[in-house]
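Protein chains: 4
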Amino acid sequence: KTAIEYQRAKSTFRYVEDVSPGLRLDMELHSVLHASISEVQSIQVIETCFGKTLVTDGKTQSSAHDECVYHESLVHPAMFWCAYRNNHRRHRHRRDGDWPRSVFIGGGGELATAREVLRHSTVNRVVMVDIDPTVVDVCRAHLPEWGGDAVLDHPRLEYVVGDALSYVRDTDEKFDVIIMDVTDPIEYGPAEALYNVEFYIIVRDRLEIGGVFVTQAGSASFVPMEMTMEGGGGGRGDGDGDGGDDDDGVDVHDDINDSVEDGSCLAPIRNTLARVFDHAIPYTAPVPSFGEDWGYVIAYDDVVVLDDDDDDVGTDTTTSKKTHVADVGRDVIDDMIE
Amino acid sequence: KTAIEYQRAKSTFRYVEDVSPGLRLDMELHSVLHASISEVQSIQVIETCFGKTLVTDGKTQSSAHDECVYHESLVHPAMFWCAYRNNHRRHRHRRDGDWPRSVFIGGGGELATAREVLRHSTVNRVVMVDIDPTVVDVCRAHLPEWGGDAVLDHPRLEYVVGDALSYVRDTDEKFDVIIMDVTDPIEYGPAEALYNVEFYIIVRDRLEIGGVFVTQAGSASFVPMEMTMEGGGGGRGDGDGDGGDDDDGVDVHDDINDSVEDGSCLAPIRNTLARVFDHAIPYTAPVPSFGEDWGYVIAYDDVVVLDDDDDDVGTDTTTSKKTHVADVGRDVIDDMIE
Amino acid sequence: KTAIEYQRAKSTFRYVEDVSPGLRLDMELHSVLHASISEVQSIQVIETCFGKTLVTDGKTQSSAHDECVYHESLVHPAMFWCAYRNNHRRHRHRRDGDWPRSVFIGGGGELATAREVLRHSTVNRVVMVDIDPTVVDVCRAHLPEWGGDAVLDHPRLEYVVGDALSYVRDTDEKFDVIIMDVTDPIEYGPAEALYNVEFYIIVRDRLEIGGVFVTQAGSASFVPMEMTMEGGGGGRGDGDGDGGDDDDGVDVHDDINDSVEDGSCLAPIRNTLARVFDHAIPYTAPVPSFGEDWGYVIAYDDVVVLDDDDDDVGTDTTTSKKTHVADVGRDVIDDMIE
Amino acid sequence: KTAIEYQRAKSTFRYVEDVSPGLRLDMELHSVLHASISEVQSIQVIETCFGKTLVTDGKTQSSAHDECVYHESLVHPAMFWCAYRNNHRRHRHRRDGDWPRSVFIGGGGELATAREVLRHSTVNRVVMVDIDPTVVDVCRAHLPEWGGDAVLDHPRLEYVVGDALSYVRDTDEKFDVIIMDVTDPIEYGPAEALYNVEFYIIVRDRLEIGGVFVTQAGSASFVPMEMTMEGGGGGRGDGDGDGGDDDDGVDVHDDINDSVEDGSCLAPIRNTLARVFDHAIPYTAPVPSFGEDWGYVIAYDDVVVLDDDDDDVGTDTTTSKKTHVADVGRDVIDDMIE
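Residue numbers (the working numbering), protein chains in the order written: chain Y, 60 to 397; chain S, 60 to 397; chain G, 60 to 397; chain E, 60 to 397.
It is possible that part of the hints are untrue.
Chain copies aren't distinguished; within one or between two, either way the pair holds.
[To be verified] Capping the alpha-carbon separation at 20 Å, the derived lysine to aspartate or glutamate pairs in EDC-like fashion look like this:
1) Lys-118 with Glu-251
2) Lys-233 with Glu-217
3) Lys-233 with Asp-264
4) Lys-118 with Glu-87
5) Lys-111 with Asp-361
6) Lys-233 with Glu-257
7) Lys-69 with Glu-87
8) Lys-69 with Glu-251
Hint data in this document are derived by calculation from the structure and do not stem from the laboratory.
Nothing here was measured: the structure is a model prediction, and the numbers come from that model.
Bound conformation, chain Y alone (with noise of 0.2 Å):
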């Protein structure tokens, strides 16, 4: 007797990324839990099937279901790599055991970077420079199992409000470990600048003796393997001590316009980092909730045994590049005017 409907439409809600062109990764959308316009980007905290999940400007920056993988991916080798190549030697004025010390986020306003590195008891002094307070207000808000509150009072914790190419330029201070934590190198982004050959020169020069840097470098789901291998080729640690200026071939430019035909930017940022240090290793993780595998690079210099006249202290080191940063910093700069 009753004019029924037996089945009931339904609506849902979506959040879908554009993984790359003509793929999509199409998520359930629980909730809305923010949405705001900073002065630098949109910051938007949802509910996905990842759980909570913090987007800016609309791409998937981290996730409760895999923002482990991402941040212990990026931390973790880098610190363990420092401890692992400093602790076996004797330094003039460290003990061993005791690396690393100091750490330089770029970014990490999510708080789960430092969150990572403030594991590590060796760590007395971290400084984390990120541009846009409010996305640290928003995951100290709502996204405090990222680290929140405990992590940004945390006594050994410097955050400063800023921008960290000025940081590192202007400081004196270095660092074992530096960390950048920052979004993807977009044209005219707010990031770009922290992808390029100025950038990393200045980077180096605030590394300790010994020290590591890394940084998340974008999706590396489309890289063929052929090409980062390549692409290590145009590398600046060639051992043949100039510099690894002599494959002139290599040209930053078609990196970039491969990377363009991969979606990807894991390799330019690679080789980018090839021309300064003298080794830019890149790793991947899988991290779901942005629908591919996550790039990382990881670069240093080699440490070089110097003879020393106080053998009391014992044998000290220092970085290759006291021996011909100069000179491969000129031949960069050179190749840059070119």
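Mind docking chains S, G and E on chain Y? Use the hints.
Just chains S, G and E now, kept in the frame of chain Y:
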């Protein structure tokens, strides 16, 4: 010189409503202004390409773009039809031109149905009974353009929190126009009891002589015209004078089954009303944010001129049901047989 | 004991049509029966929730579910209006009851428009001019239910491969009904020239006295009723005999701009026709597979009773255009030049 | 002057695969090259943003873009591991350097797995048993780049239409490498019986001493590393020589339940293999067209050096299973019966 991405990945938020199996309306979601779960239903206020939109239990209720279409199509045909059929006759107790005066609204929590009713200057009393005060509060806060406090505080409006069925069953008051603006008749849904014969018999009894009933009637997109015509045969005048509740051959379930095939409940609602009222007239309006044309049914009884002793007062009237419901039913069935 | 997946991942194929910016109709895609690119357009025959569907240049042309709505709404109002306004009068050369006899179809490659025309027993000649023989072949092969060979081989149908504009410009033949069933007036699209004043002047000249023109007119969903009404004021048949050019405020470009805001071209098409014909009447029909209500415009000229020397034959008629067509045409063209 | 639409509505075809509840991979669909339903499964060859793609039963099997990743990752680790562990030792009947010689492929209808196997010059016999000859025919016709007739007509390949389970159960032949390239272990799916302990016991018996087994193992994206490690504890090769049945707490059903939570079957497949083989090693590869990282498991038994009477021939070997296979097998089967 910089490793940049030339094509920035983009994300969009979408609101996707299943219109029928295999068919979705996929709308850009600009923002979620409100999301809550009341005691009755889930409630969201979102912004899509149709502007601000109220969603309850996963179904679009109305949007800024076309709520005017929905609400005006619901209110004014019934109001004007009531005026038209009554105002040109002399009544014992009423003067020409003052129809309709009293209106009952079942549901209508968005306050827009009451808004349209109040535009009729003849109306001096509106009773609106909605079961979910949370919807009313949400609409006041987020959709003031729909009516909001201007309607809620209107001196001619009485707003009652409660169940429309109980109210009409328990009141002695009669209304010139009764408007049902409740959610679709979902099985086990909150409005299921407001679309059956039992309810319509009660409602008819609450109509003034010459009064008009109207209800929203769900999707109309897939209703073939033949079906509605044929379905008309299931009307009320089944000749036994008992109000049509002995379903002699007219099987509402058949209607329902048809409607399921059509993804529409307009035909069965019209047919259910035709079992109770002399006339049950379906009509439709295009409501783009619903993804389909929308159905309504106006129902009313014939008014029969009665002999009246008191010639001074003028011709009096009653509804046909008082005097000749059996005959009318017989006519309808005769029509069907021919 | 077996390592199995309990929930199998599933994939679906979808056909997604952008109805307007921010709004998509997302249909289940059951199969792709045909896909090709002719010299004129891309052509697909697919199966969706609406059954077999013809798609050209990425737009749904008609579907098994509701092609009857589209084609019947296009053909029969014009045919019956032509019959109604002529069959009750005596004509010099025609007897009562034989209107309409000749029909011109511009486009109509699906063969369904001709199918509906041929249902009128008065019709003894149908000329169908479609520019793309591939569409006709595809429809014959894949959509025989639309008409197919039964229509194409019909003795009363003449099918011409060619451009409707050239055909009507070059022929001396006149028709009782002219039906334009071509794709929407996209800028630089194949049918762009079939929706402007120049074409309509030519078409009017190919109509028999008492003839009727009709065209499909694109989406009607977003056209507010006020706009269509207001636009009506810009029409030519405003009763002052001057061809409607007194209200110079009617700017077709404004109409177009309005239509862009509305996502509809019904109003500007109606207004363009109103500059040429005495009457231009828009109407709509719900076509669910288009995701919106669809628009049509019927246009025709008044028929004026003339004095006639030969009383034996009876009253003769002409269209109003006999009296002022030259002036009107000149006015219109002058307007256009200004 | 013309009533045109400025923004043409557009449609797209999409191929949408549910990766997990709430998560979809939404790909542009360029064409459907083939669609059929064989006796075993539905089969489609489509073109997406990943190029030509084979889909069976609604799941992407491989795409032009990354089928190399999938197939090379499946084949070469097992092949090289087999070569590595055998070629440096002297065998009674084999000379150094000729491992692997014989390979069995279960499934592999795309012919790409056989293609990769045939790249190994040591291989002189490949038996490929696939249950669905339609898939093979479709791949030959539409995906010749995957291998096609060049593989099917290869003199070293024997292609058998049939059930891999029956074949390995009934044959007396032994193989150096056994590769399972069948669809995922769906409940009641065609490949369900190819992922359980019973099948793996049979398979182990068909491996030559020193042989290696490998299977694709479904999605790996959501498998936390800890779980795989923990599950590893349930393996048989735990070094205590009792076949791993001491940790009775390892319940395969628990693994399955975990896997359902994870949307992954890599862990339970690995654990099931660990009940049968001394070693069961999971590994993953990123396959973007699957929307996630993909899992594989290599399994093999230790090779035990035996005393041999004939010193002239050299040291002989056997697999560890010689020493305790009966017990282990009995244990496993006892477990299963309980």
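Cross-check of the supplied hints:
no., hint, result
1, Lys-118 with Glu-251, "within (15 Å within a copy, 39 Å between copies)"
2, Lys-233 with Glu-217, "within (15 Å within a copy, 65 Å between copies)"
3, Lys-233 with Asp-264, "within (8 Å within a copy, 61 Å between copies)"
4, Lys-118 with Glu-87, "both (16 Å within a copy, 17 Å between copies)"
5, Lys-111 with Asp-361, "neither (41 Å within a copy, 46 Å between copies)"
6, Lys-233 with Glu-257, "within (18 Å within a copy, 61 Å between copies)"
7, Lys-69 with Glu-87, "both (13 Å within a copy, 16 Å between copies)"
8, Lys-69 with Glu-251, "between (42 Å within a copy, 17 Å between copies)"
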